[in-house]
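Q: Chain by chain, the residues run as shown.
Protein chains: 2
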Amino acid sequence: MGWGDLGAFGEPSKETPNLDQMAAEGMLLLDFYTANPLCSPSRAALLTGRLPVRNGFYTTNAHARNAYTPQDIVGGIQDSELLLPELLKKAGYISKIIGKWHLGHRPQFHPLKHGFDEWFGSPNCHFGPFDNRALPNIPVYRDWEMIGRYYEDFKIDLKTGEANLTQIYLQEALDFISKQQASQQPFFLYWAIDATHAPVYASKQFLGTSQRGLYGDAVREIDDSVGKILSHLRKLGISENTFVFFTSDNGAALISAPKQGGSNGPFLCGKQTTFEGGMREPAIAWWPGHIPAGGVSHQLGNVMDLFTTSLSLAGLQAPSDREIDGIDLLPAVLQGKLIDRPVFYYRGNEMMAVRVGLYKAHYWTWSNSWEEYGKGIDFCPGQNVSGVTTHTQEEHTTLPLLFHLGRDPGEKYPLRFASDEYETVMERISIVVQQHKATLVPGEPQLNVCDRAVMNWSPPGCEKLGKCLKPPESDPKKCFWPH
Amino acid sequence: MGWGDLGAFGEPSKETPNLDQMAAEGMLLLDFYTANPLCSPSRAALLTGRLPVRNGFYTTNAHARNAYTPQDIVGGIQDSELLLPELLKKAGYISKIIGKWHLGHRPQFHPLKHGFDEWFGSPNCHFGPFDNRALPNIPVYRDWEMIGRYYEDFKIDLKTGEANLTQIYLQEALDFISKQQASQQPFFLYWAIDATHAPVYASKQFLGTSQRGLYGDAVREIDDSVGKILSHLRKLGISENTFVFFTSDNGAALISAPKQGGSNGPFLCGKQTTFEGGMREPAIAWWPGHIPAGGVSHQLGNVMDLFTTSLSLAGLQAPSDREIDGIDLLPAVLQGKLIDRPVFYYRGNEMMAVRVGLYKAHYWTWSNSWEEYGKGIDFCPGQNVSGVTTHTQEEHTTLPLLFHLGRDPGEKYPLRFASDEYETVMERISIVVQQHKATLVPGEPQLNVCDRAVMNWSPPGCEKLGKCLKPPESDPKKCFWPH
Numbered sequence: 001m002g003w004g005d006l007g008a009f010g011e012p013s014k015e016t017p018n019l020d021q022m023a024a025e026g027m028l029l030l031d032f033y034t035a036n037p038l039c040s041p042s043r044a045a046l047l048t049g050r051l052p053v054r055n056g057f058y059t060t061n062a063h064a065r066n067a068y069t070p071q072d073i074v075g076g077i078q079d080s081e082l083l084l085p086e087l088l089k090k091a092g093y094i095s096k097i098i099g100k101w102h103l104g105h106r107p108q109f110h111p112l113k114h115g116f117d118e119w120f121g122s123p124n125c126h127f128g129p130f131d132n133r134a135l136p137n138i139p140v141y142r143d144w145e146m147i148g149r150y151y152e153d154f155k156i157d158l159k160t161g162e163a164n165l166t167q168i169y170l171q172e173a174l175d176f177i178s179k180q181q182a183s184q185q186p187f188f189l190y191w192a193i194d195a196t197h198a199p200v201y202a203s204k205q206f207l208g209t210s211q212r213g214l215y216g217d218a219v220r221e222i223d224d225s226v227g228k229i230l231s232h233l234r235k236l237g238i239s240e241n242t243f244v245f246f247t248s249d250n251g252a253a254l255i256s257a258p259k260q261g262g263s264n265g266p267f268l269c270g271k272q273t274t275f276e277g278g279m280r281e282p283a284i285a286w287w288p289g290h291i292p293a294g295g296v297s298h299q300l301g302n303v304m305d306l307f308t309t310s311l312s313l314a315g316l317q318a319p320s321d322r323e324i325d326g327i328d329l330l331p332a333v334l335q336g337k338l339i340d341r342p343v344f345y346y347r348g349n350e351m352m353a354v355r356v357g358l359y360k361a362h363y364w365t366w367s368n369s370w371e372e373y374g375k376g377i378d379f380c381p382g383q384n385v386s387g388v389t390t391h392t393q394e395e396h397t398t399l400p401l402l403f404h405l406g407r408d409p410g411e412k413y414p415l416r417f418a419s420d421e422y423e424t425v426m427e428r429i430s431i432v433v434q435q436h437k438a439t440l441v442p443g444e445p446q447l448n449v450c451d452r453a454v455m456n457w458s459p460p461g462c463e464k465l466g467k468c469l470k471p472p473e474s475d476p477k478k479c480f481w482p483h
Numbered sequence: 001m002g003w004g005d006l007g008a009f010g011e012p013s014k015e016t017p018n019l020d021q022m023a024a025e026g027m028l029l030l031d032f033y034t035a036n037p038l039c040s041p042s043r044a045a046l047l048t049g050r051l052p053v054r055n056g057f058y059t060t061n062a063h064a065r066n067a068y069t070p071q072d073i074v075g076g077i078q079d080s081e082l083l084l085p086e087l088l089k090k091a092g093y094i095s096k097i098i099g100k101w102h103l104g105h106r107p108q109f110h111p112l113k114h115g116f117d118e119w120f121g122s123p124n125c126h127f128g129p130f131d132n133r134a135l136p137n138i139p140v141y142r143d144w145e146m147i148g149r150y151y152e153d154f155k156i157d158l159k160t161g162e163a164n165l166t167q168i169y170l171q172e173a174l175d176f177i178s179k180q181q182a183s184q185q186p187f188f189l190y191w192a193i194d195a196t197h198a199p200v201y202a203s204k205q206f207l208g209t210s211q212r213g214l215y216g217d218a219v220r221e222i223d224d225s226v227g228k229i230l231s232h233l234r235k236l237g238i239s240e241n242t243f244v245f246f247t248s249d250n251g252a253a254l255i256s257a258p259k260q261g262g263s264n265g266p267f268l269c270g271k272q273t274t275f276e277g278g279m280r281e282p283a284i285a286w287w288p289g290h291i292p293a294g295g296v297s298h299q300l301g302n303v304m305d306l307f308t309t310s311l312s313l314a315g316l317q318a319p320s321d322r323e324i325d326g327i328d329l330l331p332a333v334l335q336g337k338l339i340d341r342p343v344f345y346y347r348g349n350e351m352m353a354v355r356v357g358l359y360k361a362h363y364w365t366w367s368n369s370w371e372e373y374g375k376g377i378d379f380c381p382g383q384n385v386s387g388v389t390t391h392t393q394e395e396h397t398t399l400p401l402l403f404h405l406g407r408d409p410g411e412k413y414p415l416r417f418a419s420d421e422y423e424t425v426m427e428r429i430s431i432v433v434q435q436h437k438a439t440l441v442p443g444e445p446q447l448n449v450c451d452r453a454v455m456n457w458s459p460p461g462c463e464k465l466g467k468c469l470k471p472p473e474s475d476p477k478k479c480f481w482p483h
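Line by line, the protein sequences are chains V and W. Position one of the first sequence corresponds to residue 1 (UniProt numbering), numbered consecutively onward. Position one of the second sequence corresponds to residue 1 (UniProt numbering), numbered consecutively onward.
Hint data in this document are derived by calculation from the structure and do not stem from the laboratory. No false leads were slipped in.
Copies of the same chain look alike in the list, so a pair counts if it fits in one copy or across any two.
Calculated pairs, DSS-like style, for lysine-lysine (alpha carbon to alpha carbon, straight line, at most 30 Å):
1. Lys478 with Lys375
2. Lys235 with Lys179
3. Lys228 with Lys259
4. Lys259 with Lys412
5. Lys375 with Lys412
6. Lys412 with Lys159
7. Lys375 with Lys259
8. Lys204 with Lys412
Construct the complete structure from the given sequences, taking the supplied hints into account.
A: Have a look at this one:
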């Protein structure tokens, strides 16, 4: 989902009354970012509070490439990483993940081995394969074991776009919340539904209800679900004890537009890029009685902050034995304070850009290669900013392209190199970048090796269902990451 | 000002708390249009309820050209046109225009000859000339006579961007409202401030207060002024008797970006074009106790509707002796009804596009000429939709380019000509266009002839001020309209 997909963020059909209401009762964060323009690294960052380049969710197979966890990935989240649910245990929290895990699907990466107490969902994205003979369909787990597979037991009709997955995930969420409330146990729910990822789907009751087509139907179903979750918290009398945060793991995938792609509002490009459209996200914080209703914050935020903020809410400290990139957002959301901190935009292990205050400096620019672009893969459809949305990797490390995101949110007008403003600002930014690079210790890259043998052929539980498939011989290779 | 310039419409710095509050108390109209992508024709349409091609505010000097009323224009609003304030007189209304008139500056076009009872403001835009010897600066009138000129008596500092014009216009508005309330007389106030037109200015107290630079400062001053006007109505106890509508006369002038240009949100291109960015406008209706608070409407609306709606509010009928394009919006804003009606997008006397429901068909596409574009004049900076944002006038009258504005608000993905959807929709649209063209009687074009002799050399009142200038010999010529 993109920054521009919610009514409160200016989507022209304004079809998200529940999320807009959530914002009216809570706080809109307009300058909130994800840690990566792609799903897996963002989610790893959220749960570890650390940049993907530190927690290992990146590749070094080629320069500045986005990578994630397809079925044939060998790597995943390392035991040495401390995940939010592991830490929350110390404060007595029960944690559940509903939906997409995406931090590795091999046994050692299972979410219940990394602090979660419960899981309902899938280890990988719901897109292909769609055939259970040649390649395994993605399994859906309940806790330790698979209970079926997408397209087989969990239907997604690619022709009509119908699937009731979001409804199933919603019901799981409501049940979990009820159970925790009944047992008086504090809980952490990571509601990581995989809508609105392509192939886009929605339940029958939402199909055809949006001005925006199928993608809009999916957004409406999410909006409705969020409304139901918030109502449920209220009904159970725990809304004032529950901090809720809504955001997305990357910008809208414009490549799937117009039928399956969302909106990044006035921002440049989308998913896969380190322009604002790829990484600035819709974000709403909600906590009645604590967060002032109708608030708006320009705090530079990041999904990694949800790690640190959640620990803070639980009365815990963030780990001190490692670098943590997330900051505690509570002073920003509760008292309206503004904390000065940079935002880093990475592609692989390359720092492409950095934001400091209202300025953003691009050290590298790239949308995608001419070769991919020639095949019709366009991350910036209808947009073309000369020298900015480049199809070759352009290095600007000695003279970064500098933008003022207040005057120019669309990153169309680089500041003149010869201007005083450029010089003053770059002096400040250079120090931030130098400090960042000087202390950076990259983790072992987890997204370099792929092997068809590790795919979800025979996940635990497959025997009971008669759904075990025979894996091929192991044949590890370097994964190919084109973007 | 553009669709994307208000916080309520998704401007990322969200610096318009008063307008956002106006929307929260009233109704947001998300599908509201102006009648032309340029100022004078839009304003003529607003006050006559008729398309510029009917009321004469267009040119036939070249094909599909935007035209307005610079100082050397010979034409203006014709006596045969009935203006809103003329008609409101029948219901006892006193009408005042504050700000830019722009319907012709020669004596016969004076607003007090066309129904207004009071005027404070200028006949033309405040941009150049800036020298009172070679060419006259634009006069500022109080009622029948000029009381000074821009840059001479009404300072605009082009270096710092400081000018207190919006404050002066605000004070005029508050005073007029107080006076009418005291005399218990119904009033029509046309608050036609010329901010945020380039050269952009703001009062000292707003300079440097916006994240968005000088343009944002001007927006903030307008926002603040609207807040003060609404508070004033409340304080006087007449808010429930006063219908207030906020909108703009064309999309943001992206050509003035980033320093002096605004935002059209997710829409394509800007001022001067018939893409959404040129003609879809921010719009808020406010009438406490009548318009439901927090409402959102997808009614296709147009500035011409303000003519018919205002007459309706005053208990009057629109004239029946001529074609009126405006409709009464009251069923939409008071009862949430949706009235089926088309929106026409004109450039000169050419119907470039039409919107019916969520579909928009382009019969002609053009941003501007290669020649102008080569000079750096770009109405779509950073945007380039192949075959759509064309630099030659492209005719599509036999096979219009069709867009679904719900799925594709940015006009990036024309529907396939061979699709069923295209065929079905175009059948419907063709009927609408045929009906429109069959009944269209163009008015006498007013924007064809220019003559330096008619400039504001010696406006009424100049003698008292010693500000009369000697006009040159009359030398009427065809005006040159490049876009």
